[in-house]
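Chains as they are written, first to last, in the numbering used here: chain A, 1 to 158; chain B, 1001 to 1744.
Heads up, a few of these hints could be off.
Said to hold, decoys possible - Some chain B residues near chain A, calculated using beta-carbon distances under 8 Å:
id	residue
1	V1100
2	F1236
3	D1246
4	P1250
5	A1371
6	I1451
7	T1453
8	R1454
9	K1570
10	V1641
11	M1663
As the list claims (entries may be wrong) - Think about it this way: if two alpha-carbon atoms lie no more than 30 Å apart in a straight line, the pair counts; the simulated DSSO-like pairs of lysine-lysine are:
id	chain 1	residue 1	chain 2	residue 2
12	B	K1513	B	K1658
13	B	K1302	A	K11
14	B	K1327	B	K1312
15	B	K1302	A	K6
16	A	K62	B	K1276
17	A	K62	B	K1673
18	B	K1302	A	K62
19	B	K1480	B	K1358
20	B	K1666	A	K62
21	B	K1358	B	K1562
22	B	K1571	B	K1554
These are computed hints drawn from the structure, not numbers from a lab.
Glycine included, C-beta positions come from ideal geometry on N, C-alpha and C.
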Amino acid sequence: MSIEIKVNGRKHSVNTSPETSLLTVLRDHLGLTGSKYGCGEGECGACTVLVNGYSRRSCIMKVGDLHGQPVTTIEGLEQEGKLHPVQQAFLEAEAFQCAYCTVGMIMTTVAMLNAMPNPTDEQAIEFLNGNICRCGTYPRILRAVHLAAERMPKGEAR
Amino acid sequence: MSERKQPEEMRTVEAIEPERYEAFAPPSYHFDLERRDFLKVVGGGIGVFLVMGEPAAALAQESGRPQFRFRMPPLPKNVGAWLHIAPNGAVTVFTGKVEVGQNIRTSLAQQVAEELKVAVDAISMVMGDTARTPFDMGTFGSRTTPTMGPQLRRVGATAREILIGLAAERWNADKKTLVAENGAVRDPATGKTLGYGELATGQTLAKTIISTDPLEPPADWTVAGKPLAKVGAVEFVTGRHRYPSDIVVPGLHYGKVLRPAAFGATLETLDASAAKAMPGVTVVHDGNFVGVVAPTLEEAEKALGLLKATWKTAPQISNAELFAYLKQNVLPESEAEEDRLRHETGSVESGMADAPKKFEATYTVEYIAHAPLEPRAAVAVWQGGKVTAWTGTQRPFAVRDALADTFHLAKDDARVLMPDMGSGYGGKHTPECAIEAARLSRGAGKPVKLIWTREEEFTWAYFRPAGVIDVRAGLGADGKLVAWEMHNYNSGPSAVMTPYDVPNQRISFHPTKYPLRQGSYRALAATANHFARESAMSELAHMAGADQLEFRLKHLSDERLKAVFLAAAKKFGWPRAKTAPGQGFGIGGGIEKGGRVAACAEVAVDEKSGEVKVTHVVVAFECGAIVNQDGLNNQVSGAQVMGLGGALFEAIEFADGKILNPMFSKYRVPRFKDLPEIEVVLVDRVDRPPAGAGETPICGLAPAIANAIFDATGTRLRAMPLAPHGLKKADPTPPAPRAAAEPA
Ligand code: FES
Ligand code: FES
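Let the sequences and hints guide you as you build the complete structure.
This is the structure:
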């Protein structure tokens, strides 16, 4: 059946079952491969996207449960060719090795800064604990989070 | 390993200890430049070829004529890497090495750039494509930095000299007066410049250099060890980089493989009718292999779920019997001879007899998983009887060979491309995902993508070997070791030799039968052997009434290892006074793969809950001259985080050929909340060639933590992971002393 979803400000109609995961729809139907598969059980955060501005694990969210809520993926973060401050911060802090976790970390950070513009280390650790970086770049990710928080103009987060 | 008899050499050895899981088939070079019509591919220009290991004599025909025309046979076949400068000035480096997060795409380009005098981003790196890059055994064993890096540096320098020579010819100037800079050659006397592109135009020049020729010492590097941002980093923060699992080709279908009910199970019955009835679905059944292909992932998943199979399984051992099994199943003398390691100096018996204090303990390590965040993935396409596969692997050429073998193809009819992947840590050496995708693709007649689920990755990849390590030692009246005996069962010989001065030694590695598929891992057995030895060293220090650090220094003549112990201790503030209950400090370190590492750890043990938290880690690391400071720092710090998991809580649980915790909700990996304060001290030795850094830094942490837990609580933990459920539930009683059997 055909399902209507709104991703990065654009409407798409996808031919799949409502049971299909949002991650599969994004990656394999819409070609938005920035969101990653890491576990399929909501435990690693590699697939994190924003639904209505909140971070969600797209691997365990059924596309049929979106009910019209807008989805933002990493592909929708850049504005007019300019990196989002969180992307810029990760870039400058070089907060990755293989970078497979990076997109999920960035999306989670964007959601966190939406809710909490200036998180302490403890708050950031709490918020990000569901995201795994197997390469162990956590200290740099925390640096990137603080860098982004400093830079993010109020109201820019989405 | 027959050369292991000389202890002095072992102590200072810079050579790489062979890993039995990384000792692969001998190289078979397939890079035949003539056949590939090299010029047609690249359209002229200047090429510098690194020829692997051939004695200069083999190229004697070239003597006096170091440069020759491309088409002039014979070109050497054993090319290890090469560099091309096109008439438009584009510089391309071709290497079979791959980027898995260790940052070599950047560090290799950086080294070429430094020598060639071009900007790093002016260099394209073509890596791990079996059709375009020269043969390479694989990216593992920390070999890239010590070998490929300096070699490519020479390649870059050679290209620079060719360009200067060409400019000198054109200007009729003396080579020595010209300088290369910013992608051009300049004559300071006249101010004239010629870009590399202009110099390469109309040329068909090639030059070979031999990998065995001496390298320039790092102290003479023109630019050394500057930090540099990861090449292509923007692609990663925007999600644009295509990992193996992101590859898409026209007409792509999705595959799923039906996994057996247990390891070693055989298929008894299969009812695939419901899956076959789904439109667009193909079921591929070939012996024990069963898989499905469908136009979408969700349909493939559904079809897989509709397969009904029964499997014949056999009872198999579980964690409970693991260590007894390893000890009881040492391979007979006649088998695995080259894997065995036996080292003997003096007489352990007489040393022990004379020792006033004797020590004996058994240490164990469980199987653990690499769990790279990107599971294995492959996209396979057949065309005209040839197969192309994109896949995540540390050994693209081995995967190509495996594809060729499996499908009875000529090697050139299988091509493997390795997009920079979501890491491996030694866990992606084997070809199965690419083979499965290729089998499904051939069966369905469609391009097929196969991404292993996390559960498949945890179950059907391979594990870091479990092991049992027995240690016996004698302390003299002067508080110095007089005898040292260590036996490793199954986990491997890496770093089993002690770096400490002990007159009487017996050290052995005993290969055994083992219950789970096992293979490479970051530093592999070095972690287990360091855990045992460095725990024992602190136990012995305690027995001798000495400080953990002092005791080690007293037995060390390796100045480099001493230096990292002292560097870590200084930064850590060793010896530190306890300021809170449950606090403890430990140290551990050693030598592996040419590097030296020492770690100091502080733990806080919650007396009520038994929770163990590592609060502070200082790691000092020396791997010769530093190539990329920031990248190295990142690697060393990351290794501490990864090492924390293996030290404290990672363990594969298994029974009857099944993995019982094949998911992140059951197999605990380090997360943000586990993060200690980590301080990295890099000891730069510009007088020494660089060694690799992906592995060795992981070795010191586990024993440092075990020693810190003992310092905090008086409980000695000798099993890794140390505290999977906190201290309360851990077994506080040390394992029984090992049976008095003579070592095999
Ligand atoms: S893939 Fe969704 S949380 Fe791991
Ligand atoms: S950088 Fe590799 S998983 Fe985070």
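Here is what the structure says about each hint:
1. V1100: holds, 6 Å
2. F1236: holds, 4 Å
3. D1246: holds, 4 Å
4. P1250: Not OK, violated: B/P1250 not within 8 Å of chain A, min 12 Å.
5. A1371: holds, 6 Å
6. I1451: holds, 6 Å
7. T1453: Given a least distance of 6 Å, the restraint on B/T1453 holds.
8. R1454: holds, 4 Å
9. K1570: Cβ of B/K1570 sits 21 Å from chain A, so the hint is violated.
10. V1641: holds, 3 Å
11. M1663: holds, 6 Å
12. B/K1513 x B/K1658: Given that 30 Å is the threshold and the Cα spacing comes to 18 Å, the pair holds.
13. B/K1302 x A/K11: With Cα atoms ~27 Å apart, B/K1302 and A/K11 stay inside 30 Å; holds.
14. B/K1327 x B/K1312: Given pair B/K1327, B/K1312 holds - Cα atoms ~29 Å apart, limit 30 Å.
15. B/K1302 x A/K6: holds, 26 Å
16. A/K62 x B/K1276: holds, 26 Å
17. A/K62 x B/K1673: With a Cα-Cα distance of about 29 Å, the restraint between A/K62 and B/K1673 holds, given a limit of 30 Å.
18. B/K1302 x A/K62: holds, 15 Å
19. B/K1480 x B/K1358: holds, 12 Å
20. B/K1666 x A/K62: holds, 23 Å
21. B/K1358 x B/K1562: With a Cα-Cα distance of about 26 Å, the restraint between B/K1358 and B/K1562 holds, given a limit of 30 Å.
22. B/K1571 x B/K1554: Holds - the C-alpha atoms of B/K1554 and B/K1571 are around 20 Å apart, at most 30 Å.
The earlier numbered hints that this structure contradicts are 4, 9.
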